[in-house]
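Student: These are the residues of each chain, in order.
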Amino acid sequence: MVEEQKSTDDEKAIDPQLDHKDTSLELSQADETSQEKSGLSASSEFASEQVIDEQEVKRRELITELDALVERVQDVTGYYAPPFSRDRLIYLIRNSFDQYSPSAGTSLIRKISHTIHEDILNIETWKGVWYVINYIVDSQLGFIKRRMRGEYETDEWGFDPGFVQAVTPFIEFMYDTYFRVETTGIENIPEEGRAMLVSNHSGVLPWDSVMIAAAVYKEHPSQRLVRNLFATWFVSLPFFANLFIKLGQILANEDNGIRLLEQEQLIAVYPEGTKGVGKLFKDRYRLARFGRGGFVRMALKTGAMMIPVSVVGAEEIYISIAKSQFIADLIKFPFFPISLRWPLLGPLAFIPFPTKWYIDFGEPIHTDHYDGNSENNLALVSELSDQVRNIIQEMLLERLSKRKSIFFG
Amino acid sequence: MPDEKVILVTGVSGFWGSQVASKLLSDLSFDKEHPIHVIGLDIEPPSPPIEGLDFIQADVRNPYLNELLHREQVDTVCHLAFKECVKHTEANFDLNVMGTMKLLGACAEADVRKVVLKSSMTVYGAYPSNPAFITEEQEIQGVRKYGANRHLLEIESFCNGFRRQQPDLILTILRYPNIIGLRCDTAMTRFLRQPTAPVLMGFDPRMQIIHEKDVINSLAHAVLVDKPGVYNIAAEEVMTLRRITGLSAKITFPIFHPLAYGSQDIINNLVVEGLTSFPIELDFLRYECVGDLEKMRTKFDYQPSYTAIEALREFAGEQRLRRYITGEPLLEYDQERLKDTLDRRQRERELADQSEVKDE
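First to last, the sequence lines map onto chains A and B. If you're matching positions, the first sequence starts at 1 in the numbering used here and goes up one per residue. If you're matching positions, the second sequence starts at 1 in the numbering used here and goes up one per residue.
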């Protein structure tokens, strides 16, 4: 009872503000209509004086509202700009201007020069600019400070939202401008609840998993986080394991997969594994053997739906002509590709070719109607595995038959 | 008195032994319905002496031990006579592994009802193929490089067989991750007390933390309540190594991993005593070894009171003051610590309220 009373009290406390807002909005609308009317009958002096008065009143109202807004922002962010100084403002503008590319800089100058008005001569405008720039600098410094002090959050799997936010612009550039990814069938992914994406795997570096995650994040209405399952081999490499875990990727392991699905997450598996990534150019778009059906067992155990995904365009980003088992054994890699550029050009060979990509999400295959112990039914597991493989192969061929050019789609 | 429950704590002069014995005595000396009698066993008396403790001076390897257990009608044994060591030496192996084996043998002969052992999550070993959350059922396959880790592995694999031979004896093994605290001396506190923390370049494994008070409380909980089996005990949060060093205000010193492994081999082969560059075994700085806590929450029924962040903050506060003040750390000036303490007490009260509601 006490809690209920409290909540009603809270509502009451909020209500007056809302009422006030509504009435102010209505008032302003009423003002506009009266202004129009007075504009039509502009002949009388009395009316025009009234208009000026009304405008003055509106201006004052606006100023008080803005002041209230600034106060509220300061309450929420706890940020107060240091006192205004002209020299410091010019210094800040110059510094942040250097960060833009020359073309972006000139366009910015053009935009500013078009909007020159009496506002630009008003000191209040520059105080606003001062406030914004100071805030940006402060938040950037705060971000670095928090990273150094360890004051950031990661979830229990090691997913680091702050880090993802920092790399998002680069991934969006690769998605929109570099690979020009086109997706279909994104509506096959459920809004929430457990689901498993099953995809073909290609390209020497796993760009396809990054792009699938980006596609779901950008195109799907609920912006779901895709948990890609990656091979054990990456864990022993410096920087890679660290990077993947921070991006929310998980080591491919049946225990991990089942736990993720039981947490109602969206995972992506690549049953071809390193056989798919290390495919030669002559074998492109022909699916390799599908592991031992571990992904089907995970789906059957948790009753998660499997969504076949085909990625077209990733096979041509690195053209590997041969593989050297000897060097691979020497440096303990699962395979060592020899491509058109690698290892001749060294690190330059890491830059992928800008091919045109298509990601197609197929119709989901439901597994929740199978009975309890079905994950131990070897016949069923291999049958489902083959079924998914055939669907992905068909989707790939269908897309390839429509594709006219590797680079322009 | 026949209805008195007799508890034997071995290694009572060491840090863990003395803390657990005083915890048991302070908690239950007022409980008239379940009176207990705590016997302490060690080769030298505890200093300062523990009030109310019945101290017996003996070694756990003493062949007359089963007679002691039989005549004193010992009900529960809490075995904490374990020597932390980085290097494997025959003397330490004899105390740690042979001592435990002989004690367990004596317990089986004298019909002791329950044995509690303190172990570590290092027995799982840090491997690239480890699942993100290791359950207690996973096979133990730890790394056999560092002395203490190797000894724990030997003890645990012996216990697996012992449990099958003696199904009636309640054997509780508690596996802890990195223990942190102001007074204890563990691999993690040694790691964070160095001027800079050496880490491996490009590796940032997820880790778990537990505060020393939670270790003591959970051991006492296992002694008082019958919970047979193996349990992972850790604070809820899983955090990365860089976050741990960041929160404890430590500057990291990244080393390229082949160099680190090479130098470790060279240092281990030197005959100089006590010269070790890496307090934490390198594999644990490279790969993950994180335990699943589901069994702790549901079956063991224990909730650590310190969160990992609180434990680290307390440690960092002490480290900051240690720079200026020698001797006893003066933590009463640490505002963050007081704030965390108040939060923790609030949480504990809420938990107690919840359990009362459940009982009703």
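Warning: the hint list may mix true and false statements.
To be verified - Covered stretches of chain B (in silico footprint by chain A; criterion: 3 or more residues with CB under 8 Å from a CB of chain A, positions within the stretch not fixed):
(1) 203–210
(2) 229–240
Said to hold, decoys possible - Below, simulated BS3-like cross-link-like pairs (lysine-lysine); rule was C-alpha separation at most 30 Å, straight line:
(3) A:127 x A:145
(4) B:145 x B:23
(5) B:5 x B:295
(6) A:356 x A:301
(7) B:5 x A:246
(8) B:5 x A:301
(9) A:145 x A:282
(10) A:332 x B:5
(11) B:339 x A:145
(12) A:356 x A:275
(13) A:301 x B:295
Since the hints were derived computationally from the structure, they do not count as laboratory data. We put the CB at the ideal spot given by N, CA and C, even for glycine.
Student: Take the hints in turn and mark each one as holding or not.
Tutor: Here is what the structure says about each hint:
no.: 1; hint: 203–210; result: holds (count 3)
no.: 2; hint: 229–240; result: holds (count 4)
no.: 3; hint: A:127 x A:145; result: holds (27 Å)
no.: 4; hint: B:145 x B:23; result: violated (34 Å)
no.: 5; hint: B:5 x B:295; result: holds (27 Å)
no.: 6; hint: A:356 x A:301; result: violated (37 Å)
no.: 7; hint: B:5 x A:246; result: violated (51 Å)
no.: 8; hint: B:5 x A:301; result: violated (46 Å)
no.: 9; hint: A:145 x A:282; result: violated (50 Å)
no.: 10; hint: A:332 x B:5; result: violated (58 Å)
no.: 11; hint: B:339 x A:145; result: holds (22 Å)
no.: 12; hint: A:356 x A:275; result: holds (23 Å)
no.: 13; hint: A:301 x B:295; result: holds (21 Å)
Hints 4, 6, 7, 8, 9 and 10, counting from the list given before, are not met by this structure.
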